[in-house]
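J.: Listed below are the residues making up each chain.
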Amino acid sequence: MTVELRVDYIACDGRGICAEMLPELIATDDWGFPVVAGQTVPARLLGDARVAVRACPLLALRLEASGPGHHQARHRLRVLRSGRV
Amino acid sequence: MIARKPGLLGDGQAGLAAHLARYGPLRCSADRAALLREVDRSGLTGRGGAAFPAARKIAAVARNAAACGREPLVIGNGTEAEPAIDKDKTLMTGSPHLVIDGAQVAAVLAGAAAAVIVAHPRALDAMRHAVAERAPASVRVSVQRAADGFVAGEATATASWAARGTSKPTGTPPRLSGRGPAGVPTLVHNVETLAHLALIARYGQAWFRSAGTAEEPGSMLVTVSGAVRAPGVREIGIGTPVWRVIRQAGGPSERPRALLFGGWSGVWASAAEATELPLSAAGLARLGAVPGAGLVEVLPASACGLRETARIARYLASQSAGQCGPCAFGLDALAGEVSRIAAGHVDGIALVRRWLGQVDGRGACSHPSGAVRLIRSAMRVFDDDLAEHAAGRCEAV
Numbered sequence: 001m002t003v004e005l006r007v008d009y010i011a012c013d014g015r016g017i018c019a020e021m022l023p024e025l026i027a028t029d030d031w032g033f034p035v036v037a038g039q040t041v042p043a044r045l046l047g048d049a050r051v052a053v054r055a056c057p058l059l060a061l062r063l064e065a066s067g068p069g070h071h072q073a074r075h076r077l078r079v080l081r082s083g084r085v
Numbered sequence: 001m002i003a004r005k006p007g008l009l010g011d012g013q014a015g016l017a018a019h020l021a022r023y024g025p026l027r028c029s030a031d032r033a034a035l036l037r038e039v040d041r042s043g044l045t046g047r048g049g050a051a052f053p054a055a056r057k058i059a060a061v062a063r064n065a066a067a068c069g070r071e072p073l074v075i076g077n078g079t080e081a082e083p084a085i086d087k088d089k090t091l092m093t094g095s096p097h098l099v100i101d102g103a104q105v106a107a108v109l110a111g112a113a114a115a116v117i118v119a120h121p122r123a124l125d126a127m128r129h130a131v132a133e134r135a136p137a138s139v140r141v142s143v144q145r146a147a148d149g150f151v152a153g154e155a156t157a158t159a160s161w162a163a164r165g166t167s168k169p170t171g172t173p174p175r176l177s178g179r180g181p182a183g184v185p186t187l188v189h190n191v192e193t194l195a196h197l198a199l200i201a202r203y204g205q206a207w208f209r210s211a212g213t214a215e216e217p218g219s220m221l222v223t224v225s226g227a228v229r230a231p232g233v234r235e236i237g238i239g240t241p242v243w244r245v246i247r248q249a250g251g252p253s254e255r256p257r258a259l260l261f262g263g264w265s266g267v268w269a270s271a272a273e274a275t276e277l278p279l280s281a282a283g284l285a286r287l288g289a290v291p292g293a294g295l296v297e298v299l300p301a302s303a304c305g306l307r308e309t310a311r312i313a314r315y316l317a318s319q320s321a322g323q324c325g326p327c328a329f330g331l332d333a334l335a336g337e338v339s340r341i342a343a344g345h346v347d348g349i350a351l352v353r354r355w356l357g358q359v360d361g362r363g364a365c366s367h368p369s370g371a372v373r374l375i376r377s378a379m380r381v382f383d384d385d386l387a388e389h390a391a392g393r394c395e396a397v
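Sequence lines, in order, name chains Y and R.
The numbering of the first sequence is the working numbering, which starts it at 1 and goes up by one.
The numbering of the second sequence is the working numbering, which starts it at 1 and goes up by one.
If we strip away everything but chain R, and leave its shape as in the complex, we get (with noise of 0.2 Å):
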């Protein structure tokens, strides 16, 4: 339920002529630079999960390319090897044509003539079917199956999947803007960023910007998954409190304990504290928390958060790409430890708070960072269970 229509998802009809009927022919205008203006003023960031402002990227991305006299890359990112996240996956399945739109889109502006678009398995087969039918136009628009593995979704990574078939993260600099594993500039998007890119070339900014707040502007799509009745993806406007949210995945099916924000490499917040607050960076930043990539997880009173952190953190550390050392070896042995905790040997804390400094900020991507993250504000939401497990219980009821 969002503030404005049409909305992202559709009502079951993935084919063209479903899409055109219901959002309109996509006229991209000659004049790109109003265009670009356009997005700019939409306020638009990536809905991949850092939220970066999507014309600065683009624009980047295009001054690189004119500077060095090559076309760049364009890529689409759908990769969504975040397990706990359907939403990408739904609207490759559901709007394909939206998709394929914003990568066109995202490819005039950035002056290249063609778009790859990564999927994950279980939307390629309905992504090349929209691209199959399609007529020929000015931006050649092919799919590509994503590499599995959670880091695969990274963007470096999955620039380097697209352009030379190994999914694991590059590190920076150089920045992907100025030359990315195909040896161009680089434009990687999430593939809702580029779903919104092709209603802003539509309806413009005001129209996106309808919805959402001020300082975040648009509509975003949420996985509300754990103990709902509804569980599943969802369009929201940014900063619809996060009550409304869960309501409208069926409300708790249980007395919530806690949530967890953005992704498995998120942010855990106790219900009490989170219920009231804006789904928004705003709204979240007391708590430490970002939207992210939308996930919004309820943990019920009757499951143990630091159990489902350990298990988690078992998850992240066996996703390690295993080209850094504080990534390899720092998330394995926190995972171990955390594990211990869970299940009951709470001597290993001060352990856990040395590894958690000694592993954040350190390797090629963000992907420790994230972890380390998890494991922190579990420490603090779960900061009571700590001592129940020190005792041999445990507060889950």
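So that you can see chain Y by itself, here it is in the shape it has in the complex (with noise of 0.2 Å):
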């Protein structure tokens, strides 16, 4: 199962907690908004993520579980909702 970051662009406004918080995997573009394309969470970076999700005040940023052993819909409410994988 590997975990990746994604942003809800229409939710996010370009404030970057998430960037200050999660240097390693999220940069910010020209005018502040986060490059996270499909960026893949190594293990030992999933704490620093999680709290990076759970900073953002807009609940724009979000962490998603794929592959085997992964649930669908239900599974991915509770990550968006608790930052929690």
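Hints are computed from structural coordinates only; laboratory data are not their basis.
These numbers come from a predicted model, not from an experiment.
Glycine included, each C-beta is placed from N, C-alpha and C at the ideal position.
Careful, some of the hints might be misleading.
[Claimed, not checked] Just a few of them, taken from the derived set where beta-carbon distance is under 10 Å, the chain R residues facing chain Y:
| # | residue |
| --- | --- |
| 1 | Cys28 |
| 2 | Ser138 |
| 3 | Pro169 |
| 4 | Pro173 |
| 5 | Ala321 |
| 6 | Cys324 |
| 7 | Pro326 |
| 8 | Gly330 |
| 9 | Val359 |
| 10 | Arg362 |
| 11 | Gly363 |
| 12 | Ala364 |
Could you fit the two chains together into a complex? Lean on the hints.
T.: Put into structure tokens, the structure is as follows:
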């Protein structure tokens, strides 16, 4: 099972807290918006990734799990809401 | 001119009697599974630009609707917000009953008792008139005026418009087939796709596949515009060579410099490299292009490809829904810089390349990626003209 970072660009307003918390995986574009396209989160950064997800005031960052052993819609909903995998 | 009859576009008679005389009655098989298999075997893909397999999308909606016990929402997308393309308007005004038939077939296959056709304002009267001509049927088809704006034609934006009156893309997940803006599995099909469905339901998959290629079967509507003698909408078999498509539009009115394929958020190619190719996804792949929604815009040698690209880029930037930072800011920045390049200040090329990389693939819909695709192809095809512009000249003759 792999875990990826995803941005909800409609919710995001580019304040950049996520990029500060997780500079290893999140950069910003020239307008301050996070660049995370399909970034796979290595195990050692999962804890920091969860913190970054919870830190977004607009709930615009989420972790998505995929691959074998992954349950579909309900799991994603839990991930979206809690930032936990 | 296509390989087989009858075609999508009638002979000017849009009424119900003429429709039945031309195509025969629609007898929708009670065996939904068999009909869906027929659609699957036909190889029909969406004609709105994305070319997703129609049967697969319908099956997903039907499956999800059955699983959650809700009736799906079925929408025929005739928004045609792309200013350069006319094929959906032409289809809706010329063969409205084919579109209604197709909406009914789609609804039956998806397990719905109703369908909404969202129609461009110029085709609204024709669609409403056609609906009024029909006797009540098991599937209630209604017509709704489409919203304005380029991104209003995007699938989730159309669904959002039909469901709750706001025409902005909603982003995925969830996919429309799982849960759309109305809270139920939602099927959105371009009106041309629906018309093909109506013909497959009548004549079968083998008939449908007798045009086109084995990998990309069927026919499609193309809009040929720009420097041709007889611009307009015509039906072609997929895979028809580009030069023949242009000849059917009366041939070039001037020496062609370049072609724009797909739509305004499509891909440029030089006339030299493109005219021999088949108009199909396989044929255009080497150009990084797809047939898309069927635009073939011919740029003459007397026009400047960079200026045309700048004009389109400014339009695409103006049409951002403004929901996503990379699109709202990035397209504006790109359009501005491409405009400067078109005006002779080519020092901004590096910035354009940087922003193309930053904007691509980021946003709730594919609008920013489409603009990136257009601009990137212009940088390639009009590469020589960049040098000319830097020297205060232009290759336009």
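J.: With chain Y as the partner, please determine if Cys324 of chain R meets the hint condition of a C-beta pair closer than 10 Å.
T.: Holds. Min distance 4 Å.
J.: Tell me if the interface restraint on Gly363 of chain R is satisfied: Cβ within less than 10 Å of some Cβ in chain Y.
T.: holds (5 Å)
J.: Using Cβ atoms only, decide whether Pro173 of chain R comes closer than 10 Å to chain Y, and label the hint accordingly.
T.: holds (7 Å)
J.: Less than 10 Å between beta-carbons is the criterion; does Ser138 of chain R satisfy it with respect to chain Y?
T.: violated (31 Å)
J.: Given a cut of 10 Å on the nearest C-beta pair, is the interface hint for Pro169 of chain R held or broken against chain Y?
T.: holds (8 Å)
J.: For the hint on Val359 of chain R, does the least C-beta distance to chain Y fall short of 10 Å?
T.: holds (8 Å)
J.: Are Ala364 of chain R and chain Y close enough, Cβ to Cβ, to be under 10 Å, as the hint says?
T.: Hint holds; Ala364 of chain R Cβ to chain Y Cβ min 5 Å, cut 10 Å.
J.: Can the hint on Cys28 of chain R be confirmed by a CB-to-CB distance to chain Y that is less than 10 Å?
T.: Because about 32 Å separates Cys28 of chain R from the closest Cβ in chain Y, which is outside the 10 Å limit, the hint is violated.
J.: Is the shortest C-beta separation between Gly330 of chain R and chain Y less than 10 Å?
T.: holds (7 Å)
J.: Grab the minimum C-beta distance from Ala321 of chain R to chain Y and call the hint holds if it beats 10 Å, violated otherwise.
T.: holds (9 Å)
J.: Can the hint on Arg362 of chain R be confirmed by a CB-to-CB distance to chain Y that is less than 10 Å?
T.: Holds. Min distance 6 Å.
J.: Any CB of chain Y closer than 10 Å to the CB of Pro326 of chain R?
T.: With a minimum Cβ separation of about 5 Å from chain Y (threshold 10 Å), the hint on Pro326 of chain R holds.
This entry does not satisfy hints 1 and 2, going by the numbered hints stated previously.
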